[in-house]
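Here the protein sequences come in this chain order: A and B.
Per my numbering, residue 1 is the first one in the first sequence, and the count goes up by one each step.
Per my numbering, residue 1 is the first one in the second sequence, and the count goes up by one each step.
Please note: incorrect hints may appear among the correct ones.
A few chain A residues facing chain B, derived, Cβ under 10 Å [claimed, not checked]: (1) A143; (2) L145; (3) I149; (4) L228.
From chain B, some residues computed to sit far from chain A (all C-beta separations above 12 Å) [said to hold, decoys possible]: (5) R28; (6) V107; (7) G148; (8) A220; (9) I284.
Because the hints were derived from the structure by calculation, they are not lab data.
The model shown is predicted, which means the values in this text are computed figures rather than measured ones.
For glycine and all other residues, C-beta sits at the position ideal for the given N, C-alpha and C.
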Amino acid sequence: MTTFDKLWANGAFRFGAVVLGLVLLMALLAPVLGTVDPAQMDYNNINRSAGFAGNFTLTDGSSVAHHFWLGSDNFGRDLFSRVVYGARVSLVVAACTAAVALLIGVLVGMLAGYFRGADLLLMRFMDGLMAIPAILLAIALVAALGASITTVVIAIAIPEIPRVSRLVRSLVLTLREEPFVEAARALATPTPVILLRHILPNAMAPLLVQGTFVAASAVLTEAILSFLGLGLPANIPTWGNIMAEGRTQFSQYPGNVLYPALFLVPTVLAFNLLGDGLRDVLDPKFAKR
Amino acid sequence: MLRFVASRLLAVIPVLFVVSCVVFLILRLAPGDPAAVIAGNSATGAEIEQIRAKLGLNESLPVQYGIWISKVLQGDLGHSYFLNKPVSDLILQRLEPTASLALGTIVLAILLAVPLGTVAASRMGGGLDRLLSVISVAGFSVPVFVTGYVLIYLFSIQLQWLPVQGYEPLSGKGGLWAWARQLILPWLALSIIYVALIARITRASVSEALTEDYIRTARAKGLHERAVLLRHALRNAAVPIVTVIGIGVALLIGGVVVTETVFAIPGLGSLTVDVVLNRDFPVIQGLVLFFAVSYVVINLLVDLSYLLLDPRIRY
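Work out the full structure, taking the sequences as your base and the hints as a guide.
So, in structure tokens, the structure goes:
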């Protein structure tokens with residue numbers, strides 16, 4: 001049985017992979033899924049209810065027949081189009097955050113694990129960083145850096161770094177005592193080569209698992225930041241931004257808050273289950289954690 | 001025992017030092033000149049320079065940190081840019097709603113999660129156990145604002161059982177009931193992730209305790225199963241449970257910010273959102289520091305509680 005067969009036999013992995021595949025497909029195919037420009041306002045179509053079929057006025061003044069699958073908001077923007085394009089932002093933020101957190105976390109964790117002198121200082125710093133609740137740290141960083149995709153990714157990634165670096169450090173501490181690392185050292189292999197060629201490949205499975213969980217928390221945190229009005233600028237349609245705008249008229253039109261949630265929740269759930277599945281199959285040592 | 005207490009107290013110092021450095025640097029990272037903000041739009045260059053000198057902004061970064069931290073240690077968290085009040089006053093004014101929300105959530109979560117986890121551990125694979133695994137996955141995937149709005153939609157808008165938003169002080173006219181009525185939905189919304197966290201650990205650690213020899217002994221001497229579970233298994237599983245309650249406070253603090261916004265509760269969380277939108281950096285700094293220090297202190301208390309929970313811990 002190949003690794004993929006084993007993964008596919010795992011229900012959690014299968015659910016996560018299928019749902020994320022659908023979300024990815026939706027994000028890629030956004031323009032051809034019966035959407036209109038997600039930023040286009042049409043004052044003839046304000047607060048339409050879900051399923052409404054009518055005409056949508058485009059930028060050039062011409063109008064097209066359009067199904068408002070999820071209705072429209074108080075600016076007459078098509079909610080379905082906004083949610084579908086919002087998936088792009090969520091996935092980009094998830095991937096970039098995971099990449100940044102893993103990259104820096106691996107660097108810090110390897111330094112701390114391999115060079116005992118750096119260990120105390122780095123890990124004390126990471127302990128301190130962990131003492132600031134993640135969302136609060138992200139909020140403070142966004143306040144200091146300003147809000148754009150780059151700064152939001154950095155702000156969400158930084159609170160994740162201590163967890164990644166602790167994991168990497170513990171893996172390096174075990175791996176550095178392995179005979180193959182000792183052999184490499186005996187052959188006078190330069191330390192960077194030992195770290196990248198001998199230690200890193202053996203740490204890949206737990207890192208992949210951790211990366212999936214970071215992605216889940218990134219989607220969630222981005223939505224929370226945007227929902228609070230502290231995340232990406234309001235002109236970018238993200239699930240959090242759509243919900244933030246829906247807040248003002250929640251009691252009359254709850255759909256503007258609840259429909260984006262129907263996409264957000266399964267996406268986060270899928271990342272989490274994908275991580276669980278990967279962990280159970282690739283990293284059985286940590287499965288009981 | 002004294003050594004244990006001393007070592008835990010000492011371990012907190014470097015953590016607090018790093019926290020204070022990070023919080024200090026966040027303000028320094030921020031664009032804009034604090035002196036210019038305080039001086040206002042009509043200030044002359046000389047006036048701004050005067051304020052810079054007064055605030056010590058011309059000093060080197062370590063010296064500025066020294067000035068700042070010595071004030072913080074005396075309880076002076078600085079002055080708000082816009083609200084014309086000391087930061088510490090702002091925090092104290094908003095403390096009651098946040099404390100009500102957070103403490104109520106912790107109590108509710110423990111009352112729900114510990115029995116749930118214990119029963120799940122004693123009947124593994126049963127209905128309750130499966131419910132628990134659903135809750136624990138869902139708890140980490142449904143953001144608290146979604147839960148909050150779903151609860152508002154069901155109980156406030158559709159059924160009209162509970163008020164939509166707002167906060168009644170405990171000392172208000174309506175007394176205890178008016179206070180609790182406003183908080184029922186926020187408590188529920190915020191406790192879900194916490195219940196998931198605590199129940200999962202309770203299940204794992206009680207089920208591990210149940211495999212021990214003393215459980216077999218307890219059963220063999222004819223002890224009632226409930227007594228075995230509560231007095232022997234749960235008691236021995238207490239340390240990891242209390243630990244996760246402490247660690248979970250970080251999640252709780254993040255959740256408080258969101259929950260207060262959803263339910264329009266005028267506490268520290270909604271203050272955080274307001275001051276970030278206004279870029280009122282001294283208040284942001286004060287709030288982050290306050291939350292982080294609370295988190296560290298709570299976990300210190302958790303560490304010290306091991307002494308009561310597990311007499312073997314002596315060092």
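Going down the list of hints, with the structure as the test:
1. For A/A143, the shortest C-beta to C-beta distance to chain B is roughly 4 Å, which falls under 10 Å, so the interface hint holds.
2. With 10 Å as the threshold, the beta carbon of A/L145 comes within range of chain B, its nearest partner Cβ sitting at about 7 Å, so the hint holds.
3. The restraint placing A/I149 at the interface with chain B is violated, with a minimum CB-CB distance near 18 Å, outside the 10 Å limit.
4. For the restraint placing A/L228 at the interface with chain B, the shortest Cβ-Cβ distance is roughly 5 Å, inside the 10 Å limit, so the hint holds.
5. Listed as outside the interface, B/R28 is inconsistent with that label: its C-beta sits roughly 9 Å from the nearest C-beta of chain A, within the 12 Å cut-off.
6. The non-interface label for B/V107 is consistent with chain A: the shortest C-beta to C-beta separation is roughly 20 Å, beyond 12 Å.
7. A Cβ of chain A approaches the Cβ of B/G148 within 12 Å, the least distance being about 10 Å, so the stated non-interface status is violated.
8. Every C-beta of chain A lies more than 12 Å from that of B/A220, the closest at about 28 Å, which supports listing it as non-interface.
9. Annotated as non-interface, B/I284 brings its C-beta within 12 Å of a C-beta of chain A; the closest such distance is 6 Å.
The structure fails hints 3, 5, 7 and 9 (numbered hints given earlier, in ascending order).
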